[in-house]
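A.B. asks: Take a look at the letters that make up each chain.
There are 2 protein chains.
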Amino acid sequence: LDYQHVQVPFEITLWIMLASLAKIGFHLYNKLPSVVPESCLLIFVGLIMGGIIYGLNDRSPPVMDSDIFFLYLLPPIVLDAGYFMPSRPFFENIGTILLYAVVGTIWNVFGIGFSLYGICQVKAFQLQDVSLLHNLLFGSLIAAVDPVAVLAVFEEIHVNEKLHILVFGESLLNDAVTVVLYKLFRSFCEMPTIKSVDVFAGVGKFFVVGLGGVLVGLSFGFTAAFTTRFTKDIRVIEPLFVFLYSYLSYLTAEMFHLSGIVAIISCAMGMKRYVEANISLKSHTTVKYFMKMWSSVSDTLIFIFLGVSTIGENHEWNWPYICFTVIFCLIWRALGVLVLTFFVNRFHVNTITSKDQFIIAYGGLRGAICFSLVFLLPDFHRKKLFIAATTVVILFTVFIQGMTIRPLVDLLAVKRKRESAPTVGEQIHIRFLDHLLAGIEDISGHWGQYYWKDKLENFNSKYLQKILLREYDQPKSSIVLLYEKLERKHAIELAQAGQLGHGPAHPSFLCPAFLCSSSDRTVITDQKLEDTLNPDALDNMQEILARNLYRIRRTGPAYNRHTLPGDSEPTEQAKEILILRHKSL
Amino acid sequence: LDYQHVQVPFEITLWIMLASLAKIGFHLYNKLPSVVPESCLLIFVGLIMGGIIYGLNDRSPPVMDSDIFFLYLLPPIVLDAGYFMPSRPFFENIGTILLYAVVGTIWNVFGIGFSLYGICQVKAFQLQDVSLLHNLLFGSLIAAVDPVAVLAVFEEIHVNEKLHILVFGESLLNDAVTVVLYKLFRSFCEMPTIKSVDVFAGVGKFFVVGLGGVLVGLSFGFTAAFTTRFTKDIRVIEPLFVFLYSYLSYLTAEMFHLSGIVAIISCAMGMKRYVEANISLKSHTTVKYFMKMWSSVSDTLIFIFLGVSTIGENHEWNWPYICFTVIFCLIWRALGVLVLTFFVNRFHVNTITSKDQFIIAYGGLRGAICFSLVFLLPDFHRKKLFIAATTVVILFTVFIQGMTIRPLVDLLAVKRKRESAPTVGEQIHIRFLDHLLAGIEDISGHWGQYYWKDKLENFNSKYLQKILLREYDQPKSSIVLLYEKLERKHAIELAQAGQLGHGPAHPSFLCPAFLCSSSDRTVITDQKLEDTLNPDALDNMQEILARNLYRIRRTGPAYNRHTLPGDSEPTEQAKEILILRHKSL
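Chains A and B are the protein sequences, given in the same order. Heads up, the first sequence is in UniProt numbering, so the first residue is 1 and it goes up one at a time. Heads up, the second sequence is in UniProt numbering, so the first residue is 1 and it goes up one at a time.
Read the hints as simulated data drawn from the structure, not as lab findings. Computed from a predicted model, the values in this text were never measured in an experiment. Cβ coordinates follow ideal geometry from the N, Cα and C atoms, glycine included. Just so you know, not all the hints are guaranteed correct.
To be verified - Across the chosen pairs, the derived CB separations fall in these ranges:
no.	chain 1	residue 1	chain 2	residue 2	range
1	A	Asn57	B	Phe230	30 to 38 Å
2	B	Leu56	A	Ala334	55 to 63 Å
3	B	Ile48	A	Arg418	55 to 63 Å
4	A	Val203	B	Asp67	42 to 50 Å
5	B	Leu281	A	Thr351	41 to 49 Å
6	A	Glu457	B	Phe230	43 to 51 Å
7	B	Phe230	A	Ile48	17 to 25 Å
8	A	Gln465	B	Leu99	54 to 62 Å
9	B	Asp67	A	Ala201	41 to 49 Å
Unchecked claim - A short list of chain A residues far from chain B (calculated; beta carbon distances all over 10 Å):
no.	residue
10	Gly111
11	Gln121
12	Leu133
13	Phe200
Go ahead and model the full structure; you've got the sequences and the hints to work with.
C.D. replies: In structure tokens form, the structure reads like this:
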């Protein structure tokens, strides 16, 4: 037995396997996921696992490594979030999202930090050795809403799109603020004296970290799109570029201390439309599927690891500090949302209702990012207290808030997401209105979002598309693309229902008299046939006929390891079939 | 700048990126890949990279880590090979393949080992310090034909299926022999005395290592199939199980010193038919695509690393030893193939021609497995000589043999692969003949391959399918599955050609007089329409009409991170559409 040799990949594979099997297990028992969010169940599995490890080894189970979390587990989830981000609601509410993400997070950091410092001054609590800076540092890591936790819960409650994007967008974009404040306070903690210039430098960093992330992301995104222009002959490696470039954008941003989350989201959003146009349909399916699969596994692993890491002796328990942390987190978030929304509503026609505000405040879940950040803290004598407080806040928000938010949404009758996507007609009207509003804005001299969107679209079709798309000579509008997608879907459905093109074949074979009757020929012959033959025999006959009709075609090109069957010139084949059909008619 | 933090993933990503971009580069210039095999080009890129690294750092570039090769680069390639293995020719020739793989490899090991020992006895060559055991150890690592190199070259020359499977199957299955002999001689080298019982134990190990690998692989394969029975509600993680279980089978086999390659191949071949029946169509596309992508990248990385590792100061040059190694490798393989084929041909009707024998002998390419094994040797004073000899043999076989094999195949007019797959009719006949032969074998009391195949098929449908398949009540024959696949493909082709179902809509709108003419209605109306309208206008009209006909349908279900659009009950929707169509008629 040579376990040492295979240990690393073997254990990683086993953890992923455990995560996947846990997921299957929950879904086997249908009632469970509708009551308890999956994230809670996974943390629970983690707690049990941690308990077992603790019981067997008699020492704390290994905590989730912050490096593993930030380098390997977080990027797939954020990439998935960015790639499938509904871009319209996101850009429509970008102002509000940024306000919540930047001002709201700063508000929470300082609110929580200062009020906890106040608590520390009470002698009875024995917390006088926790300085203001340490409290602010703690505030900076506990204030940020966690995208992974928010996604996991909000996806299951199906609130309306605007509310969803407000909470989720905030949780993604506050990363830039968290990175800056956390690093700022951590370096302050290690400095002997703090000069005012350091504080100003910190403020300047906001813009560098955020905008730098966007720039890094967009440049990698456009490079990715440009690369996929040249992959026509080797379709097989197309999906790879989507993942490689996004991951590189994340790593590069992290390397320069910029916001990796912001970078990977900009990269994904920037590349999406061009890459989708360049790569083949099957590559696209692979990209989408693999992204979902990967993020889903990462997500599962994170929650299980959260549970495992909770067990052990890393904690220092101090009732007042921990309780007040939970209370302040709730209060400051609620206050922040109220105040910011008041200002937002003054400038918007489509206001955020008080019900929505409540859900935004209540949906401020904390998760694995706080947890990883608290373990990354430099060693000092109260680190274990911070770890305990962070763990309690995470468990409180994920379990209590996560489990009660669905009943609350039902109770308050919060506006839900519309169950179906807009029809093609609606989409055309929306498009039309956009152009109209852009025109009105241009005439009235008000440079609003429609004006800029129009300018951007112009720039895109004039320059970007020419550089980034393979077949620029035929730019397809999204409506035409949608139509093609619908056609394909419809065709597959018809093929599955066995209604494809064989209609003319069997009636003519069986009852030629009906051929010249009228336009509803098929209906009548079908009716007649079903009278004379039982459905099974009909099915059989149809199948035999269809099989013979297809004999002219081959089952696929010869085997080759680097091409996939069906890749080679489908149009050529389609033409050939059509010609043969015409001949046979 | 914090490079340390992201170094590992960053460098891995960059290497993969380099590999992918190199691949794109070759395909951009179309003529190159048709003359020089891709493997040669990649090694060449590696040599240049190695030269640059050597020039910049003034020390040897890092050699390919054997652990990385065996744990991360090799499994994807072997998994891909096993999953897409054409099982019929493989099992038809399994006896011949095993003979080449086991007896042929042992023949080569001892032949090369003993003759090199003979060379070492010549005083002028200054090699007297290389013992017989060391020569045999060297023989055991240099004798094995490499699956990665064979795949890379044979895929491009398109020889007939039997020839391909003989060389490729041998290269895969000789792993068990190589593992046993290599470990045996290595342990002998470290033992002070060798007892005869050790030699017998070594012989017994062949069976343990090979059959153990098959058992491990099959058990993981069936577990994988069983697991996919329960993934109906979470389609997104289905592809994961294929990869996880295969990889686990490889790692488990390696852990117990069994043959990992044999294990992963059995796992892939065992799970394939059940998994494919259980998982969704899109999951299946993802599995196929991702496997191809991954193996293609691994393959590329291996050849680039081979090139990089060649550069440096790891080599000890000894002309006679190196030249004689190359010569003996060629001679012993040629002799082995001749002798073994002589026996094989006596027992088969369908003999292996002398041309085929030449290609089998000439196609014995060595590759990265030898290279990794030679670096895994324990340190002794002639290790660098062995490294040099191995490098030369690999470069010789990949460059000289790899580049000349295609012209030789042309020159000898070796039977090529048939360009198209068999038609459905042919397949039905083959199936029929199989049943017939199984019956004849049963009556004549000769238990040949058809008899066993029939028994296995019976066992499969009686027990295995019931346990491993989700919807056992409707077992579909492969012909029906093929028919469904063809239908789907046809439907998509029709949709792309714009010929789907709109035929009846526009003629009735434009020229109702034609409706009752005859059965070739569509042709005539199309003809007429094209006379009166120019094609562009017709296309436009068709598009507008089609778009309006589709207004009743939605563009997709509401967004949810864990489901993919189009997953939800396609039959339901298809029915709805059919009902609406009937109503409109």
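A.B. asks: Now tell me if each hint is right for this structure.
C.D. replies: Structure-based check of each hint:
A hinted range of 30 to 38 Å for the beta carbons of Asn57 of chain A and Phe230 of chain B is consistent with their spacing of about 32 Å. As the Cβ distance of Leu56 of chain B to Ala334 of chain A is approximately 58 Å, the hint placing it in 55 to 63 Å holds. A C-beta distance of roughly 57 Å is found between Ile48 of chain B and Arg418 of chain A, which places it inside the suggested range of 55 to 63 Å. Taking 42 to 50 Å as the suggested C-beta distance range, the pair Val203 of chain A and Asp67 of chain B conforms, at roughly 48 Å.
The hinted range of 41 to 49 Å is satisfied by Leu281 of chain B and Thr351 of chain A, whose Cβ atoms lie roughly 45 Å apart. As the Cβ distance of Glu457 of chain A to Phe230 of chain B is approximately 46 Å, the hint placing it in 43 to 51 Å holds. The hint said 17 to 25 Å for the Cβ distance between Phe230 of chain B and Ile48 of chain A, and at roughly 21 Å that hint holds. Between Gln465 of chain A and Leu99 of chain B the Cβ separation comes to about 59 Å, which falls inside the hinted range of 54 to 62 Å.
Taking the beta carbon of each, Asp67 of chain B and Ala201 of chain A are about 45 Å apart, inside 41 to 49 Å as hinted. With a least beta-carbon separation of about 30 Å from chain B, Gly111 of chain A lies farther than 10 Å from that chain, consistent with its non-interface assignment. Once the 10 Å rule is applied to beta carbons, Gln121 of chain A is consistent with being away from chain B; the minimum gap is 37 Å. For Leu133 of chain A, the requirement that its beta carbon stay farther than 10 Å from each beta carbon of chain B is met, with the minimum near 23 Å.
The claim that Phe200 of chain A is not at the interface with chain B holds, since no C-beta of that chain comes within 10 Å of its own (minimum 23 Å).
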